[in-house]
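Chemist: Take the two lone chains and join them into the complex the hints point to.
Those sequence lines, one after another, are chains A and U.
Here the first sequence is numbered in my numbering, starting from 1 and rising by one per residue.
Here the second sequence is numbered in my numbering, starting from 1001 and rising by one per residue.
One or more hints might be untrue.
[As the list claims (entries may be wrong)] With a Cα cut of at most 20 angstroms, we get these calculated DMTMM-like pairs of lysine to aspartate or glutamate:
#  : chain 1 : residue 1 : chain 2 : residue 2
1  : U       : K1385     : A       : D18
2  : A       : K144      : U       : D1061
3  : A       : K148      : U       : D1352
4  : U       : K1227     : U       : E1217
5  : U       : K1446     : U       : E1575
6  : U       : K1227     : U       : E1321
7  : A       : K148      : U       : D1061
8  : A       : K148      : U       : E1110
9  : U       : K1227     : A       : E126
10 : A       : K144      : U       : E1121
11 : U       : K1227     : U       : E1284
12 : U       : K1002     : U       : D1352
13 : A       : K144      : U       : D1352
14 : U       : K1541     : U       : E1396
Hint data in this document are derived by calculation from the structure and do not stem from the laboratory.
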Amino acid sequence: MKSPESNSSVRDVVWPWDHAPTAVSGRPLWQRVLIQMCVMGAIAGLFFLFDKPGMTYFIGGLAVIFLLLAILAPLAYGRKEAWLRRFAIWVGSALTHLLLLPFYWICFVPARLILSVRRIDPMAREFPAPTDTCWHAHSSRQGKDTYKRQYS
Amino acid sequence: MKILGISAFYHDSAAALVIDGEIVAAAQEERFTRIKHDAAFPSQAVRYVLAEAGLSGNDLDAVAFYEKPLTKFHRILQTHFSVAPRGWRSFVMAMPLWLKQKLWIPMEIEAALESCGATREIPLYFPEHHESHAASAFYPSPFERAAILTLDGVGEWATTTIGHGQGNDVKILEEMRFPHSLGLLYSAFTYFCGFKVNSGEYKLMGLAPYGEPRYTETIYEHLIDLKSDGSFVLNMEYFEYLSELTMTGAGFERLFGGPARTAESELTQREMDLARSIQEVTEEVVLRMARHAHQRTGESALCLAGGVALNCVSNGRLLREGPFDTLWIQPAAGDAGGAVGAALCMWHTLNDAPRSADGIHDSMSGAYLGPEFSDSDIEQFLQAKGYPATQMTGAEWADEIARRVDEQQVVGLCHGRMEFGPRALGNRSIIGDARSPQMQSVMNLKIKYRESFRPFAPSCLVERVSDYFELDEPSPYMLLVAQVRPDRCVAPDESASLRDRIHQVRSDVPAITHVDYSARIQTVDRTTNPAYYEILKALEKRTGEGILINTSFNVRGEPIVCTPEDAYRCFMRTEMDALVLGSFILDKSQQPEWDEKDDWRNDFQLD
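Bound-form chain U, shown alone (with noise of 0.2 angstroms):
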């Protein structure tokens, strides 16, 4: 049976193919359109899944779209009710979108895979939105029963689910609901420290280990009434989103000593302290909902998806103080894995299909689910265009790039199938080493043209991530946060201003060591993705160290590169030293020069 999953008109829209319960493809629809977070209807996405299992529309047995419109529908007109005359200015904005597109899915449905070759009505269904998330985090998961925990801003109502899987059913059985959300209290935060909402989050929890836990009490006391059991109501009176289209306003203000910070200017200890206040409560809120969650399902595994789930300093603890043995975090926990849940829920609901799970391999691949282009083509690409390049394989290849980032060169990585979810994992990737005192500063400023707070991610070879960090468990899609060795670490200088703090060396592997001597791990095996793992081989032989950076192939802005063609602009934009495309290496140094008419920088909209 093969079955079209949908995401769209958030965020993050996307589309993913599951044939006989086994996951083919899926991608975001931002990485073909070349816009951040693009919340269209994912037309190319559907064209693309469909063309990796050489599919036609006609060869669809059903369609999922991720969450009930007419229900989401339905509390937005109740939102309305309970707000008005306040929420005029968000109705007049928001109608419009649902008068002329949302309220018509099936018919935008019908209209792309017509696009794609269908003269059929293909049968299409509506899993509700938490539970496409928990399904996404159960059904590919190595488990056979466990806990489930979804946390996002809201789907229909709810905004947290605990939920149950065993085998292949799973049961919600507990929510918490719209507008009391752990996601939207983050991205109210997010918002007043002067971040995209939905966007920025991630950001904040980068922030956050440059402040102190000043606002915590003030956050408890004021905006959230936390249950033991982990649910909560938050004070609506300091909150704005239910009727303007902003997140907060004066009461925030008043409670936080000043307007919200506006976006690009400087930051100040304020936000920095804020971000840690709101990662404290967050982090707080997500240990007692695992425990009521462990004591309601008695399951020694839990399972996580939704938008908060990607919040991996909170899951890194949860790892550590939670109440279960082990942990399994849907790599596309954001609104795009919900394509893939509501698939795999159709799929083990309408036929009662089995499920196996053998308690160590996930069904995900790796999170490569995306296109992937054939040296040939490549090298059609390369000598149309006149790029020169060296073509190499096997041990060379890897050796190459190795001694490539030996010698304090940037390069750019586009091979293999592209990631689907928020993290490059090695094959649409910048790397560098992750021993350089200066490569976050080369890389922030010269390559990703970003804050220079933001810390970066280490992959690493996952039979030595405990030669490394605090963790030693597999950690394969950088969703845990764990400390670095305090062996490997070196004493901070506690009176040292934020730019010195950041220019810092704090351990032997400075270049992936955040201010608190935190990481976010990935560790890298053999059999998931043998082209990466040889490359961090050939630099452990080099170097004697199995560790690099890894940050995503994109500048500030731009969805990660999808083609070698997007990977080639983004190398020429940028200070790169060296690109990897397929089997070729490209180096800088012998690129014709790169002419652009305009400032690329004004093609993408700063996130």
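With the rest of the complex left out, here is chain A (with noise of 0.2 angstroms):
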């Protein structure tokens, strides 16, 4: 049994257990609270513009909440940060479904039909196989250039 040289890159890579943490990046909390301050102060400025001060004090008055929470309870505050986060990919994630159902249902739906009028089955799903063989011929390379290309 014979020991290796100790390779300290790979074990830095894969096996750094002797190392602190790193730490997770992102903005400091004081850099994240002004931005959210500013983005709420510009809401409510827009509320404002358009007349419509029950909504400018709602934001305001959150605006304000949030800034006591992140000076008073940074914890709690961070808590609500994941919460929103949390939020805000479910609101992202049900918007794209909103986007493509339409979408596939206007795209797809009628491609389907095209294709059975023409009775055309990119699957061949004919079964059983109406040819003695399913082997296809492979269509092969023309050329080093092909491999550049992300499609056949």
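Modeler: So, in structure tokens, the structure goes:
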């Protein structure tokens, strides 16, 4: 049983057990709070411009609560941020689904109808197979440049 | 020339580094992230393979991604055009990932390389999925020329290919196309029997010997139109994978007398019979394909890759009954191996680089292509953590491990370079005494926490393989199944229940003898893994038997351990008796109490 030489770069990459855990990258708290205050202030300002004092006070009030939370209870502020992040992901995912669904019905369903009318099945689902073999000749590559393409 | 190969975004992401045609390092991302079958971009594996060679991103000459993403996207769109409106659920599920990530692979790769110090643009290449598999099968093989068969679920459009390798050239000759796929057919049965797709296929294979081929005719009659040349079409009325998020539906349920088994529920005779039936069909398809490949190429050697090539029962039958004199199977036959294949493909294609093959040795270095840790690193770790250990070297080290195995202890091994591919081959393994009638149950229930029907594989000295099995050639990657020699077997009690059959003593090496008297064999030779060979030699000297149980060093749902720290954690969580970390041997009874706040079983999703 022969021991290998220590490969410090491999150890540092794969097994950095003696290093302090790398700090989670991201902006410091004060910057995050400042950005949030600016965004909420801008939204409140827009409501004020459009003569919606109720919404202005509501957004402004929320901004003050968040600011106090950040100063007095940074941990609770962190939890609020995590919750908002999850909410944002959920909203993003819901929006994606809402956009994709009509797209699917507008593009794919008519395309399927056209394929059906023209009796074309890209999936070749006829069963049993109408031919003696289901092997297809492989189209051979045309030079090294074909490897630079992401398509055949 | 330094080429980085990458496979990602389906399952088992991996990175490999090839320098002037030599595979220097390769590893799956799951080993670093500790997420089984991790499909994410293999950032950590890329960092590791570069570190192994002492390179930064700037030193690379090329990067090869294992498939053509836009052709694959085209296939997915065509599929949805063909099944609309039924496929809307899978469309809505699949598209966000494509739009966010899979269509921007060059950017993903650039970002990963930037994090490894690349400041310039590295040329990026995209061989086809099955071309990568074929390259991974042929280029590292010992053959100067060979037929190549690649079988998996699906790549871009191809699901199976027949190719020909000669010198430094690999040509794909024929292919079968999606949705007609042997891999997906097997996965459909995996799903129907309550196991996870892309993960539980080997469980289905292990379950097959408990059943009868009662459904084989039904499968031929209703599900598959198999031609004499091994090609086939599937009857898509019974499969749902084109349009839904499941593999099978109501048609399948009607055909096989009831709904799919739910995960973790009790296994019934139906699942065992289904497993046996689909295994027989798979073997027949592979045999016919191999005969066709033999006719088409006229070669006497065959190279195999793709997920179906991990079906070692089928490989064993191919070796016994097939037209080829010899086989070589890529040890990382699944998608992870595509990273190696892509890099080798580009090395030989871009440079027209010559390739030498001696007909005996392959160039996979025994699949020991992952990280290893020095004794000084391990010693520092053990001292810092206060874990008592005894250091031993040479024969003393091997003798001590052999003694423990002989005394019915279960020993974890974490030494040398980590294996690349799904099998643990002695460097990240749990070993035990193959002669013990209790060892299979002990290991399944107290160490691995997995289903009791699952068999264990043996590692044996290469020179003694024919003493134990009906096999007279090396099987270094545990990819061949053969029968235990009849003179070692005990007649079965046919009337016993499944539970009793599992625990029956079937041979004088009962712990590795499956219910059908077969075993998935790993042969160990002195050159490829001298340390593991010495353990087997020491055991042989002590007991007369150069064979032991070898199972992967992990618990159910966990990726195989990578670092000594992973190994120690797994050791303390289970009922293993001893742990080998490099030249250090740790005894469980001497370790400080292991205290975890939460139930660690929640860390791993059951596979």
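Chemist: A separate judgement is required for each hint: does it hold in the structure or not?
Modeler: Here is how each hint holds up against the structure:
Simply put, U:K1385 and A:D18 have alpha-carbon atoms about 10 angstroms apart, close enough for the 20 angstroms limit, and the pair holds. Restraint check for A:K144 and U:D1061: satisfied, since their Cα atoms lie roughly 15 angstroms apart, inside the 20 angstroms limit. For the hint pairing A:K148 with U:D1352, the CA-to-CA distance comes to about 17 angstroms; that is within 20 angstroms, so the pair holds. Distance hint between U:K1227 and U:E1217 is fulfilled; the C-alpha atoms sit about 15 angstroms from each other, no more than 20 angstroms.
Restraint check for U:K1446 and U:E1575: satisfied, since their Cα atoms lie roughly 6 angstroms apart, inside the 20 angstroms limit. Taken as a hint, the U:K1227 and U:E1321 pair is honoured in the structure, with Cα atoms around 19 angstroms apart against an allowance of 20 angstroms. Between A:K148 and U:D1061, the direct Cα distance comes to roughly 14 angstroms. Compliance with the 20 angstroms bound is thereby established for this hinted pair. For the given pair, A:K148 sits about 15 angstroms from U:E1110 by alpha-carbon distance, which is consistent with the 20 angstroms threshold.
Using a Cα cut-off of 20 angstroms, the hinted pair U:K1227 and A:E126 holds, with the two alpha carbons roughly 14 angstroms apart. Restraint check for A:K144 and U:E1121: satisfied, since their Cα atoms lie roughly 19 angstroms apart, inside the 20 angstroms limit. Of the supplied pair hints, the one linking U:K1227 and U:E1284 holds, its CA atoms being roughly 11 angstroms apart against a limit of 20 angstroms. The hinted pair formed by U:K1002 and U:D1352 meets the criterion: a straight-line CA distance of about 15 angstroms does not exceed 20 angstroms.
For the proposed pair A:K144 and U:D1352, the alpha carbon gap of about 11 angstroms is at most 20 angstroms, so the pair holds. Among the hinted pairs, U:K1541 with U:E1396 is consistent with the structure: their alpha-carbon atoms are about 13 angstroms apart, no more than 20 angstroms.
Hint compliance for this structure: every hint is met.
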